[in-house]
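Q: Listed below are the residues making up each chain.
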Amino acid sequence: MQLPDAEHLVAALADKIKQLAAREPVALVGIHSGGAWLAERLHPMLTAETPLGALDISFYRDDFEQRGLHTQIKPSHIPFEVEGRHILLIDDVLYTGRTIRGAMNELFDYGRPAKITLAVLVDRGGREMPVEAQIVAAKLDLSPAQNLELLRDENGVFSFKLNEKN
Amino acid sequence: MKIRIKNGRVIDPKNNLDAVRDVFVAAGKIIAVGQPPADFQANQTLDASGQIVCPGLVDLSARLREPGHEYRATLESELRAAAAGGVTSLACPPDTDPVLDEPGLVEMLKHRAKLLNMGHVYPLGALTRQLHGKHLTEMCELAEAGCVGFSHATAPLTDTQVMRRAMQYASTFGYTVWLHPEDAYLAKDGVAHDGEVAARLGLAGIPSSAETIALATILTLAQDTGAKVHVCRISTGASVEMIRKARQQGLPVTCDIAANHLHLTERDIGFFDPQCRLQPPLRAQRDRDALREGLADGTVTAICSDHTPVDDDEKLAPFAESAPGASGLELLLPLTLKWANETSTPLSAALARITCEPAALLGINAGHLGIGACADVCVFAPEEYWKVERQSLRSQGKNTPFLGWELAGKIRATLVAGHLVHQA
Amino acid sequence: MTTHPQLNKNGELQHLLSIEGLSKDMLRHILDTAESFAGVSEREVKKVPLLRGKTVCNLFFENSTRTRTTFEIAAKRLSADVVSLNVGNSSQSKGETILDTVDNLAAMHADMFVVRHSQSGAAHFIARHVAPHIHVINAGDGRHAHPTQGLLDMFTIRRYKPDMHNLRIAIVGDLLHSRVARSEIHALTTLGVPEVRVIAPKTLLPECVDRLGVQVYHDMAQGLKNVDVVMMLRLQHERMNGALLSSAQEYFKCYGLTPEKLALAKPDAIVMHPGPMNRGVEIDSAVADGAQSVILPQVTYGIAVRMAVMGILAGNTQ
Chain F
44 MQLPDAEHLV AALADKIKQL AAREPVALVG IHSGGAWLAE RLHPMLTAET PLGALDISFY
104 RDDFEQRGLH TQIKPSHIPF EVEGRHILLI DDVLYTGRTI RGAMNELFDY GRPAKITLAV
164 LVDRGGREMP VEAQIVAAKL DLSPAQNLEL LRDENGVFSF KLNEKN
Chain P
-7 MKIRIKNGRV IDPKNNLDAV RDVFVAAGKI IAVGQPPADF QANQTLDASG QIVCPGLVDL
53 SARLREPGHE YRATLESELR AAAAGGVTSL ACPPDTDPVL DEPGLVEMLK HRAKLLNMGH
113 VYPLGALTRQ LHGKHLTEMC ELAEAGCVGF SHATAPLTDT QVMRRAMQYA STFGYTVWLH
173 PEDAYLAKDG VAHDGEVAAR LGLAGIPSSA ETIALATILT LAQDTGAKVH VCRISTGASV
233 EMIRKARQQG LPVTCDIAAN HLHLTERDIG FFDPQCRLQP PLRAQRDRDA LREGLADGTV
293 TAICSDHTPV DDDEKLAPFA ESAPGASGLE LLLPLTLKWA NETSTPLSAA LARITCEPAA
353 LLGINAGHLG IGACADVCVF APEEYWKVER QSLRSQGKNT PFLGWELAGK IRATLVAGHL
413 VHQA
Chain A
145 MTTHPQLNKN GELQHLLSIE GLSKDMLRHI LDTAESFAGV SEREVKKVPL LRGKTVCNLF
205 FENSTRTRTT FEIAAKRLSA DVVSLNVGNS SQSKGETILD TVDNLAAMHA DMFVVRHSQS
265 GAAHFIARHV APHIHVINAG DGRHAHPTQG LLDMFTIRRY KPDMHNLRIA IVGDLLHSRV
325 ARSEIHALTT LGVPEVRVIA PKTLLPECVD RLGVQVYHDM AQGLKNVDVV MMLRLQHERM
385 NGALLSSAQE YFKCYGLTPE KLALAKPDAI VMHPGPMNRG VEIDSAVADG AQSVILPQVT
445 YGIAVRMAVM GILAGNTQ
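Chains as they are written, first to last, in my numbering: chain F, 44 to 209; chain P, -7 to 416; chain A, 145 to 462.
Be aware that one or more of the hints could be misleading.
Derived lysine-lysine pairs resembling DSSO-like cross-links, with alpha carbons at most 30 Å apart [what the hints assert, rightly or not]:
id, chain 1, residue 1, chain 2, residue 2
1, F, Lys117, A, Lys305
2, F, Lys204, F, Lys59
3, F, Lys117, A, Lys191
4, F, Lys117, F, Lys59
5, P, Lys6, P, Lys(-6)
6, A, Lys220, A, Lys168
7, F, Lys117, F, Lys61
8, F, Lys208, F, Lys117
9, P, Lys307, P, Lys(-2)
10, A, Lys410, A, Lys168
11, A, Lys153, F, Lys117
12, P, Lys390, P, Lys106
13, A, Lys153, A, Lys190
14, F, Lys117, A, Lys220
15, F, Lys158, A, Lys190
16, A, Lys153, P, Lys307
17, A, Lys346, F, Lys117
18, F, Lys117, A, Lys190
19, P, Lys390, A, Lys190
20, A, Lys153, F, Lys208
21, P, Lys330, P, Lys307
22, F, Lys158, A, Lys168
23, P, Lys379, A, Lys153
24, F, Lys204, F, Lys182
25, F, Lys117, A, Lys168
26, P, Lys180, A, Lys346
27, P, Lys(-2), P, Lys330
28, P, Lys(-6), P, Lys21
If you only want the chain A side, here are some residues facing chain F, beta carbon under 7 Å, derived [stated by the list, open to error]:
id, residue
29, Glu186
30, Arg187
31, Leu194
32, Gly197
33, Val438
34, Leu440
35, Gly455
It is worth saying that the hints were derived from the structure and are not from the lab.
Note that the Cβ used here is the ideal one computed from N, Cα and C, for glycine as well.
Put together the whole structure using the sequences plus the hints.
A: Right, dumping it as structure tokens:
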């Protein structure tokens, strides 16, 4: 199957986010690792002063019992008050919704945000939780056997990789 | 009962015999080796083809736990273990409960062993009353009751005046004094060799000097008093050297080592394996090598099992709190064979260390297959391997560092005074 | 006994019994994970749901309010239920064996034991005999090991001196009786610290200590020269008995860390101590409370490190 060009989607996502940020102040929070990369790329494009944070939701995963702790955990870093703020949560691929659930739980442990908006590069379907993204750059229809992964090369250029599980 | 053991390779170190021969037993004695005596009609014939026929083993130290420690083992369970290990004569230390310091206790033990009729038990009498290191025991009475020597077991004998007088008194009557060389102060609280492993595991150490200082005291007093001294269970290379020198100077001193120390070192403790909690402690590799050299050149007279049955609850504790000791009667032969094999020691020389040499030391007529000798015989398959497992041990104590090891040397038959006490 | 008692069949950490035998990668994984947990303690809600529904049992056969408290806080920040038992005061004195105690707690569905005991090897012993789903953390066994202390010390060093491959570190004091020192030495050598020195009188050094990969000094002035990190050890008062030392005064004179002696180390050297300190015995208050002391940060980091260890163990199943 033909994968979309990741850089094109990032540009599309940036446009939508710029519009939102122009309307009201938001704080960017990327989810490790793909979402955090995207947030890093998008952050300088926003003109208004916008804080940037990152979440590693390893401590909030619901499959800890089955899979244990991830071997490469990055510290969560939220260098601003979450309380009362509009958080723009950014992830690369929206699938089951479990990651977003974990991320929202973690965010609430920093404080009570006024609002959370979810922006993703790709919505690939297959939801297991009642979670939807307000901002989506592209929708793809993938089977459960497929795994879509966002890659970033040494020059910071994004691309997609599709892994087929046997 | 007349028994013919046929076609076996007979190794009788004392009589310099190593050849395929038939052995003939009647009325509890060896009556011929080689040609059958005239009119010999065997009631039973044992085919020992491909096997080795040697004198029943003589063990210088086996704790039978009677009287007083029957929950750990009984005379019957341990004599069964001895028979299964080919051991037909054994000396037992006096640290029973009560201590073997009264003739009545010794007579009772001898009597019980005789009723069981599965092996010859030679008690060592206590050197001091209750092994408290203060008052001498009635050695003449004890000897009359059957004690073959006087020992302080592993109880501390810190008062050197008592030690000197005990040696003088024992030597008055020609008795041998058996002593474990361990300085009570240097060994205080220690549970492992004071070396690399103890440093790593944080175990309180027993330095080698705990043994050599005590040994120096023993040797000096032996020289002073002229007493016959047997040093039990040496564990360090320095001790071997000291005893070698003392013997060269003509001191009537002998020593033995435990079969465990012939093979294991401090490293076998691994991650706090309580099976390797032994007394004396397992020492460094170079000590083990020196013990082997001492055995090869005759400085060390005998290998003993140091059989010390310990029950499971006593081993089920952190290293320092677990009870020292291991069962060994059934491993004496295989561990001796293993040493012989690893060092290319001739079988006859190796077997001497567990037959005629310890018998001579005990002053008993055993450990050989001479005509007219008591028919204590051990028949074993030297190349047959067996796995040391709890269920394979007859001893009530199932604890030994060798659990799980595959050892060569399977006892096929054991005869005590001409009757079969074990057959497999 | 050939299998490593800390690892499960997948080669993952099942128990944390000692630093010895853990790979550099494993140590780094624990320290990196601890970095993430360090942030949790600075948040509004100092809790993550990782161990929700799990029961952590602090089993202290030897009293230590401090260590027990840090484990308690760590477990609670992971949302575990925590039961703390000072067994030293109760069942042991009634003749109950260690295993009886452990079996009873296991029957109450404990998932993790944090064990402190006065005998070396006690944590190994318990780990060998517990049900396979239970994790055991050694919180100090006799003179043998105190791995979480060793790890939190590494975490602290890494925070202040990130390049571990370029450090000179001195451990000062009673190494003979110190489980902390043994864990520190294994951790430092495993993480590639090129020069680890130990400084102590001969009575307080184990035989063959050099085999652990350290350089031995008896003179503090020589041993402290140009070091980047000074790790002090606690001196128990009972060491004045048994002919190990002459007096606390003489010990302080020879091996106490004073500003003058600290001046021999590098100017930016940090000073560490596992606590509780004996001021005026092994360390001068001016040093303990001075600018180079990182003793309080050690305590703070201890929570994150213990959270990391518990989190990693709980996620590894047989």
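Q: The structure should be examined with respect to each hint, and the outcome stated for every one.
A: Here's how the hints hold up against the structure:
1. F:Lys117 to A:Lys305: holds, 20 Å
2. F:Lys204 to F:Lys59: Given pair Lys204 of chain F, Lys59 of chain F holds - Cα atoms ~24 Å apart, limit 30 Å.
3. F:Lys117 to A:Lys191: Holds. Lys117 of chain F to Lys191 of chain A sits at ~17 Å (cutoff 30 Å).
4. F:Lys117 to F:Lys59: The hint holds at about 28 Å.
5. P:Lys6 to P:Lys(-6): Holds, at about 24 Å.
6. A:Lys220 to A:Lys168: holds, 28 Å
7. F:Lys117 to F:Lys61: It holds: about 27 Å lies between the C-alpha atoms, which stays within 30 Å.
8. F:Lys208 to F:Lys117: holds, 26 Å
9. P:Lys307 to P:Lys(-2): violated, 44 Å
10. A:Lys410 to A:Lys168: holds, 27 Å
11. A:Lys153 to F:Lys117: Measuring from Cα to Cα gives roughly 27 Å; hence the hint holds.
12. P:Lys390 to P:Lys106: holds, 25 Å
13. A:Lys153 to A:Lys190: violated, 34 Å
14. F:Lys117 to A:Lys220: holds, 22 Å
15. F:Lys158 to A:Lys190: It holds: about 22 Å lies between the C-alpha atoms, which stays within 30 Å.
16. A:Lys153 to P:Lys307: holds, 26 Å
17. A:Lys346 to F:Lys117: violated, 45 Å
18. F:Lys117 to A:Lys190: Holds, because 17 Å separates the two Cα atoms, which is no more than 30 Å.
19. P:Lys390 to A:Lys190: With Cα atoms ~52 Å apart, Lys390 of chain P and Lys190 of chain A exceed 30 Å; violated.
20. A:Lys153 to F:Lys208: holds, 25 Å
21. P:Lys330 to P:Lys307: holds, 26 Å
22. F:Lys158 to A:Lys168: violated, 43 Å
23. P:Lys379 to A:Lys153: holds, 25 Å
24. F:Lys204 to F:Lys182: Since the Cα atoms of Lys204 of chain F and Lys182 of chain F sit roughly 16 Å apart, the hinted pair holds (cutoff 30 Å).
25. F:Lys117 to A:Lys168: OK: Lys117 of chain F and Lys168 of chain A at ~19 Å, within 30 Å.
26. P:Lys180 to A:Lys346: At roughly 18 Å apart (the allowed maximum being 30 Å), Lys346 of chain A and Lys180 of chain P satisfy the hint.
27. P:Lys(-2) to P:Lys330: holds, 26 Å
28. P:Lys(-6) to P:Lys21: Status holds; Cα separation ~10 Å.
29. Glu186: Status violated, d = 10 Å.
30. Arg187: Result: holds, 5 Å to nearest chain F Cβ.
31. Leu194: Holds. Min distance 5 Å.
32. Gly197: violated, 9 Å
33. Val438: This hint is violated: Val438 of chain A lies away from chain F, its Cβ roughly 20 Å from the closest one there, beyond 7 Å.
34. Leu440: Violated, about 21 Å.
35. Gly455: holds, 5 Å
Hint compliance for this structure: hints 9, 13, 17, 19, 22, 29, 32, 33, 34 are broken, all remaining hints hold.
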